[in-house]
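Protein chains in written order, with our numbering: chain A, 1 to 497; chain B, 1001 to 1503; chain C, 2001 to 2123.
The set of hints was computed from the structure by calculation and includes no laboratory data. Careful: at least some of the hints might be erroneous.
SDA-like, lysine to any residue: derived pairs with alpha carbons at most 20 Å apart [to be verified]:
| id | chain 1 | residue 1 | chain 2 | residue 2 |
| --- | --- | --- | --- | --- |
| 1 | C | Lys-2031 | C | Glu-2107 |
| 2 | B | Lys-1450 | A | Phe-169 |
| 3 | B | Lys-1160 | A | Lys-27 |
| 4 | A | Lys-27 | A | Glu-159 |
| 5 | A | Lys-273 | A | Phe-169 |
| 6 | B | Lys-1160 | C | Val-2092 |
| 7 | C | Lys-2035 | B | Leu-1172 |
| 8 | B | Lys-1450 | A | Ala-413 |
| 9 | B | Lys-1442 | B | Glu-1493 |
| 10 | A | Lys-166 | B | Val-1431 |
| 11 | B | Lys-1112 | C | Lys-2031 |
| 12 | C | Lys-2035 | C | Val-2092 |
| 13 | A | Lys-27 | B | Ser-1111 |
| 14 | A | Lys-166 | B | Ile-1444 |
| 15 | A | Lys-165 | B | Ser-1111 |
| 16 | C | Lys-2035 | C | Leu-2112 |
| 17 | B | Lys-1112 | C | Glu-2107 |
| 18 | A | Lys-165 | B | Ile-1444 |
| 19 | C | Lys-2030 | B | Glu-1110 |
| 20 | B | Lys-1450 | A | Glu-159 |
| 21 | C | Lys-2104 | B | Glu-1110 |
| 22 | C | Lys-2104 | B | Ser-1111 |
| 23 | B | Lys-1159 | C | Val-2092 |
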Amino acid sequence: MIIVSCLPVIALLSPLIAGIISYQAGKISETARDLITIAAAIVSFIVIVAMIPTILNGNTIEYIFSYSAVSTLPMAFRVGPFPLFLGLVISFAWILSAVYSHRYMEHLHSRNRFYLFMSLTLSAVIGTLFAKNMLVLFIFFEITLFTSYVLVIHEETPEAMAAGKKYLFLGLATGLVMFCGILLVYLQVGTLDLGKRGILDGVHGNILYVMLFTLLVGALFKAGMFPLHVWLPSAHPIAPSPASAILSAVVVKEGCYVMIRILYDIFGVNLLKTMFVSNWLILLGGLSIFFGSAMAIRQHDLKTMLAYSTVSKVGYIFLGAALLTPTGLQGAMVHIFHHLMAKSALFFCAGALIYKAGIRDIDQMAGIGKKMPITMMVFTIAALSMIGVPPLVGFASKWYIVVGALEAGRPTAIGFGLVLILSSLMNAIYFIPIIINAFFTGASENGEHKEVIPDDVPLSMAVPMVILAIGIIVFGVLSATTSVVVIKPTVNAMMGL
Amino acid sequence: MVGTSHLPILVVLLPLVTAYITPLLGWIDKRICNPLVVVSMTLAFLASLLLARSVLTGGVISYHMGGFAPPFGIELVVDYFGVYMCIIISFITLMAAIYSREYVAKELHESKTVPYYTLLMLMTGGMMGASVTGDLFNLFVFFEILSISSYALVAITGKKVAIMASYKYLLLGAIATSFTLVGIAYLYILTGTLNMADLSVRLQSVYGVGGSSWTLIAALAFFMVGYCIKAALFPLHTWLPDAHSMAPSSISAVLSGILIKVGALAIIRVLFNIFQPEFVVETIPITSMISWMAAAAIIAGSLFAISQTDIKRMLAYSSVAHIGFIILGIGLATGYGTTGGILHIFNHAMAKGCLFLCAGAIIYKTGIRNIDDLAGLGNKMPFTMAAFTIASLSMIGIPPTAGFVSKFYLGLGALETGTWSGWVFIGTILVGSLLTAVFYMKVINNIYFKEPLLREDVQRDETPLGMLIPILILAGGCVIFGLFPRIPLSLAEPAAKLFLGGI
Amino acid sequence: MINFEFLLGHYNYWAVIVLFLIGLYAMIVKKNLIKKFMGLNIMDTSIFLFYISMGDVEGGVSPIIAHGGGSEVIYVNPLPSVLILTAIVVAVSTTALALSLIIKIYEEYGTLDSERLVELMGW
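Next up, chain A with everything else stripped away, as it sits in the complex (with noise of 0.2 Å):
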């Protein structure tokens, strides 16, 4: 049944116009600023709670802005099960780092317009989430690039500046190849809408290799994927933390959200199937895991190194919904879910050494657990979840993928052990040295042992870690729970089963 409400319309609005108002209050009062954007993210939260009961008794909540728009499109949202999941992650992040950034940011310059911007970008995530057909998704897709643009140069520095610069551009220009998709589409189907499991029927021949190619240009691009990743390891690590951990957790899942909504309701399984393109796209996303985690053992600058961990992690997201089975789709959102926390917590803790030690280099991390033993604790669990040990919640995810390959079937399967074992390795390789070199060393630098008293990151940035860090371990332990109540349903639409 479909609800008409306008929900969904608040939950997007609030951050826009908070933002402006925030704007406006940061020139009298900081507190105010930063009280206004929690606030406005919180609003969205609830907003989106409310929602819960309606989706979960199987209906679909709609809100139509204008009918038939452009052409016949009509500019709209809908809320299904899946936008709701993401939906509710992301603004609950969003809150986290709201709090994480009113101590962080305060010794940076040009503070309100990155409130400005981290609420807009807010806002066009879910309003990227929340579009009833491609169209409206694209219009949010787009403005959350130029959004989060602004994020990415905030230092402006002539390397802030570089990195923007290969964001934005490849960005426009992916973009316009989806947009490219987008119009191939609507002129062969005249419909963009995006719940019904697959549009594209009656359309044959190679047009649809075309369609897949474009569509899923832009979508990759946005999530990070090899080959397509170039900007995110400089563009993650250059922004402030906050953003860097917004960019990493949320901008580069609203590319995994749009990439399986474009292939699960634009294509659908079915078509997919016909199409025998799983393979390939399995291989992509088993290069991206593959190079994604041998460059991060290259890295010695923590943030960067945390930027290609990301790379790698979409490309488990992108194996998962590419198996085009219920596990397999089932492991790509517990893995957005544990990826969305655990970067999370990663880059609030790479922010807390940068903004506590100056410290951004992994060699010089020696000793810092005892110095800082919140974010050290926070920055283990979250990197033993990345590597996917029990009971944490990179082990579940891990463990549906993998049950999804089996259903797949056996070359499938065995491929992706293979890919599995070897990117945990290599996980392990580049997390557990800067765990035991925290915790372990002494910090001898000079041969000196001086006492080490700890002097950990305010309150106010070791909460949203804490939370981060609680949630990983208790979600992991729920897992089996939280999987039945929330993701299978998810799944079983998103099928059509």
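Start from chain A and add chains B and C according to the hints.
Just chains B and C, lined up with the frame of chain A:
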């Protein structure tokens, strides 16, 4: 009702009559010129809206001047496209007129105030007339009215460079005039009539005849060269960058925003109103030829714009590229494509008008013309720069601005052709929009994210309100018509349908 | 085989074409701005001639109905002449504007040589 039935002539006469009253009243008091022009343009705008309503409800209006029935009398034909152009012309001129009050007082010598408004009104009258006329020779006359007044307006600052730019514009414009005159002569020899509707009927008997078809081709060629010069379609654009960058900014906004579009209007009238779509699309594929020229214009105009350092010159080259988008849409001759081209006339007029007015405000306040010196303006003139950014995004075609909608239609139109050239055209549209992003993002980055050289440069010093209001209205329009594209589309879609009726 | 009768029979068109080309040539080749503009005027004149000659009817008289007229009288087509009156007005006003611009250019730059002007302008 008498009031509505005379609307077609009213929209033409209002600016023309104002043009004659302005010097008389200006002789008494110079300050009266601006309110007079603003009131007159407001009335013209309202009249155009009323006209649009009656066209949308009652179909195409035919008005016989002096009561003589066509083909003997001169006929004004107000179709969807004509009234659409009228609305755009009166709206942009109104904005430029409001903006002029404070701008002209500072940028022009006092003695030039009266000629400025007189010429502006003459030019607007010419554009309005060209939009609604149904007579080929009448179109030529109105074209000359607008061209000659625009030559003078380009030179009105009296600066050395402006005079040279004006002379260059005049020479090319005069050649265009001669060419169209020859084209008219050919059609008159063939048919003995100058009424467009009558011409299109009488030409049908000529299409098949072997000998005359050469005359037809020659006529078409003369028309195309003539009007492509007026529309500044690459490679006949050479006058545009100088003329548009040297004119006063309020005039640049009108020139780039609407005047070159009147050239596009003439091309549409010749291709679709006088000749039959079958003839120009299939028999002599002139539409595909101008599409290729337009594709070249998109790429070349954008590339030229990238290398500019002067902000107004950059905007002028961007107009060369965007007139390419418009003509490409027209030349595609598909439902979506032509709608997109016509829609882009509107969207580009809003965005480019806004950009030129912003550039004028920058020059008014700081005297800066060089793109690299714009650092810190984001803090100095926040509203003007926000409007500049929105209009730039509309030029690039970023949703949810209006430019995106026209890009959507143009892209669909290119794919709709279903030929390999359609793929080339969509590639051109996408590459063109990416190149547009390159130079507009350069300006935006300089405005917001570059450290200014002097600290005092960032003191808040906003554009005066009288100039800011039109800028903000136009920038707001870029967003509003991106969110509600139905409004311009309600005229653009039937217009395109009417033109392509034969296909 | 060239049809001389055809060629000679259309001598008015040949004159028009020759004048048109002379004008175009002057516009492109001449360096002096005034000469350029004179070329344009020659071009315009050729078009005026074209219009008038196409409206002419052999043995026709000017289309003024005198003494009640009569069906046996042949009039020339008046419309092209009327059109060309308008075109002449347009051409005259363009010329006036161009000449005033040229005067200004000479005052500002001290030369009317287009190549020299291009150097001065830096275009």
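Consistency of the hints with the structure:
no. : hint                    : result
1   : Lys-2031/C x Glu-2107/C : holds (18 Å)
2   : Lys-1450/B x Phe-169/A  : holds (19 Å)
3   : Lys-1160/B x Lys-27/A   : violated (46 Å)
4   : Lys-27/A x Glu-159/A    : violated (28 Å)
5   : Lys-273/A x Phe-169/A   : violated (34 Å)
6   : Lys-1160/B x Val-2092/C : violated (24 Å)
7   : Lys-2035/C x Leu-1172/B : holds (15 Å)
8   : Lys-1450/B x Ala-413/A  : violated (52 Å)
9   : Lys-1442/B x Glu-1493/B : violated (35 Å)
10  : Lys-166/A x Val-1431/B  : holds (16 Å)
11  : Lys-1112/B x Lys-2031/C : violated (31 Å)
12  : Lys-2035/C x Val-2092/C : holds (16 Å)
13  : Lys-27/A x Ser-1111/B   : violated (45 Å)
14  : Lys-166/A x Ile-1444/B  : holds (16 Å)
15  : Lys-165/A x Ser-1111/B  : violated (48 Å)
16  : Lys-2035/C x Leu-2112/C : holds (10 Å)
17  : Lys-1112/B x Glu-2107/C : holds (19 Å)
18  : Lys-165/A x Ile-1444/B  : holds (12 Å)
19  : Lys-2030/C x Glu-1110/B : violated (37 Å)
20  : Lys-1450/B x Glu-159/A  : holds (13 Å)
21  : Lys-2104/C x Glu-1110/B : holds (19 Å)
22  : Lys-2104/C x Ser-1111/B : holds (17 Å)
23  : Lys-1159/B x Val-2092/C : violated (25 Å)
Going through the hint list in order, the structure does not satisfy hints 3, 4, 5, 6, 8, 9, 11, 13, 15, 19, 23.
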